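Enquirer: Knowing the structure of chain A, use the given hints to seat chain B on it.
There are 2 protein chains.
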Amino acid sequence: MAACKELTANLVHDFISSVDTILCDCDGVIWKNNDSIPGAAEALKKLRLKGKRIFFVTNNSTKSRKQYIEKLLNLGFEAYPEEIICTAFAAASYLKHSLKLNGKVYLIGSIGMAEELDLMGIPYFGIGPDPVKSLDMAEWAALPIDNEVKAVLVGFDEHLSYIKLIKAGTYLNDPECAFVATNEDLRYPLGGKIMIPGTGVIVGAVKQAAQREPVVLGKPSKYLFDSIMQSFEGVTPERTVMIGDRLSTDISMGRTCGLKTLLVETGIDTRVDAKENQKSNSIERQKMVPDYFITSLADLGKTL
Amino acid sequence: MAACKELTANLVHDFISSVDTILCDCDGVIWKNNDSIPGAAEALKKLRLKGKRIFFVTNNSTKSRKQYIEKLLNLGFEAYPEEIICTAFAAASYLKHSLKLNGKVYLIGSIGMAEELDLMGIPYFGIGPDPVKSLDMAEWAALPIDNEVKAVLVGFDEHLSYIKLIKAGTYLNDPECAFVATNEDLRYPLGGKIMIPGTGVIVGAVKQAAQREPVVLGKPSKYLFDSIMQSFEGVTPERTVMIGDRLSTDISMGRTCGLKTLLVETGIDTRVDAKENQKSNSIERQKMVPDYFITSLADLGKTL
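Respectively, the protein sequence lines represent chains A and B. Residues in the first sequence are numbered consecutively from 1, following UniProt numbering. Residues in the second sequence are numbered consecutively from 1, following UniProt numbering.
Among the clues, some could well be false.
One copy or two, either will do: identical chains are not told apart, so a pair holds if it fits within one copy or between any two.
[Claimed, not checked] As a list, the in silico DSBU-like pairs of lysine-lysine whose alpha-carbon atoms are at most 35 Å apart:
1) Lys150 to Lys133
2) Lys133 to Lys104
3) Lys104 to Lys193
4) Lys150 to Lys66
5) Lys50 to Lys66
6) Lys104 to Lys50
7) Lys46 to Lys104
8) Lys96 to Lys193
To be clear, the hints were calculated from the coordinates, so they are not data collected in a lab. Model, not experiment: these values are computed from the prediction.
Just chain A, with the same shape it has in the complex:
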């Protein structure tokens, strides 16, 4: 059982000394939508000065690594391309290296995902609006289907449509067709009255249309951390910390991979949520309990 303790000033030194590698979530940890979270850049800078290796590990599938670097630099963060571990890249890499895909991808996703597929030389189609044109079901049943499609890849897509669900469901009716999803986050961490559905809602709709489960690459799956360990020497679970704002993804992934875990309260979840999970008897919820929590990266930075 994880301790779920506050990372107070007197504990920070020992905690930071116990790790070499820092996995840092983005949305809700270092930025919110298009604004950086105050103090986050300074905290990461201090960690770099202490010789820590930093990776930005994000489930958000709307951006390529190139787009992430631009955003990080624009918001005043120091960052390097190889530090970006995003699901758009992970998806292209998984299709190419793990599945050794020999065919086309039907993509329900973003321009960022398309960019990463392009870089990997994987043919795809499906991006952009695809609204229903006829209300006659007989015409839907005559939609053209591309027999070269060997995988359906799903990430965030604000152009989700009924026609896309018909196509994805039809391709996935062939058990040989791979089904890969970037992540299953259900909501975006945005304040205010409006609820912004996350990629999990898009993936959920495709799952129901297909009556199948996808391989999910994003947190809480181990895939992103495993890919870091494969690509970078000297990264070990014992000397790595996952810093995140979501118990169900960041913290759960950290615990599954045997990492140290730190919850920051600048995004989705708080210490109250973590303590609730700690009281639960469910094994799944016990994974959603961090070693430590702290108000913000800024608070961590101040004590370094």
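Expert: Relative to chain A, chain B alone:
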């Protein structure tokens, strides 16, 4: 445990004598898409001649009662408005009489559903295309929200869009806002390679966006049969049969309501599926076992 026996010619007379009321599903039982199923009209005619009361009980939410009557008459069936028990009508009736709704409905649904809301004098909006116009999440977060919305009603909507999911999720974030769905059928019974997602996929997406469960009016819920019993004298479960092609909706609803049940094999499920359910230890699957099965309504008609 239901017998799950073939309704052979020598059993038909006693079976039909044991009922006064016949609930008949539409898609996959009397028609497929826009074609009538051969022999179905003759079978229903013979049942009427024997004095049976007939109701058309359908989960399909795309049509109003008026549209159903037109389709039935066009395809050569005898039918009367009061015999149409469809979920578009049931939804309007539920909002008006059970919820006594005092406010507007945000509708993810069909023109048929809108027609039934109009007839009931319930204000609504949301029908038709509502595509994403901006790719900026900050603009989504500033979408106009109507404070008079007191219910979200979801049925089949080929214009499902991400913006509709944002709006529905936002209205349903208020626990006082009612959440009503017509049905949860996952696929349309259409032959061929193309998979046509049903209303259940639309409802599922809204459920995930809202993180809430709706009241579902269609089969296998008891609501449609209960509403028949409330409106028509002399209808009793013991002397009613539900005829349908889906074990998970038609037959399960019949079993839940204490009706006799008959599976026809002209749509989704067959006797093989029924026998598989009969072998299962699951209580839920045991409900998906009919008293009888028969190839088609035509076969029933021939023996009458």
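Enquirer: With reference to the structure, classify each hint as holding or not holding.
Expert: Do the hints match the structure? See the list:
Taking the shortest alpha-carbon separations for Lys150 and Lys133, both the intra-copy value of 26 Å and the inter-copy value of 31 Å come in at or below 35 Å. For the homomeric pair Lys133 and Lys104, the shortest alpha-carbon distances inside one copy (25 Å) and between copies (29 Å) are both at most 35 Å. For a Cα distance limit of 35 Å, the shortest separation of Lys104 from Lys193 across copies, 19 Å, qualifies, whereas the shortest one inside one copy, 40 Å, does not. For a Cα distance limit of 35 Å, the shortest separation of Lys150 from Lys66 inside one copy, 27 Å, qualifies, whereas the shortest one across copies, 44 Å, does not.
When the C-alpha separation of Lys50 and Lys66 is checked against a cutoff of 35 Å, the pair qualifies only within one copy, where the shortest distance is 26 Å, while the shortest distance between copies is 74 Å. In the homo-oligomer, the alpha carbons of Lys104 and Lys50 never lie at most 35 Å apart, since the shortest distance is 45 Å inside one protomer and 59 Å across protomers. Neither within a single protomer nor between protomers do Lys46 and Lys104 lie at most 35 Å apart by alpha-carbon distance, with minima of 44 Å and 54 Å respectively. In this homomeric assembly, Lys96 and Lys193 come within 35 Å of each other (Cα to Cα) only across copies, at 28 Å, whereas the closest approach inside a single copy is 41 Å.
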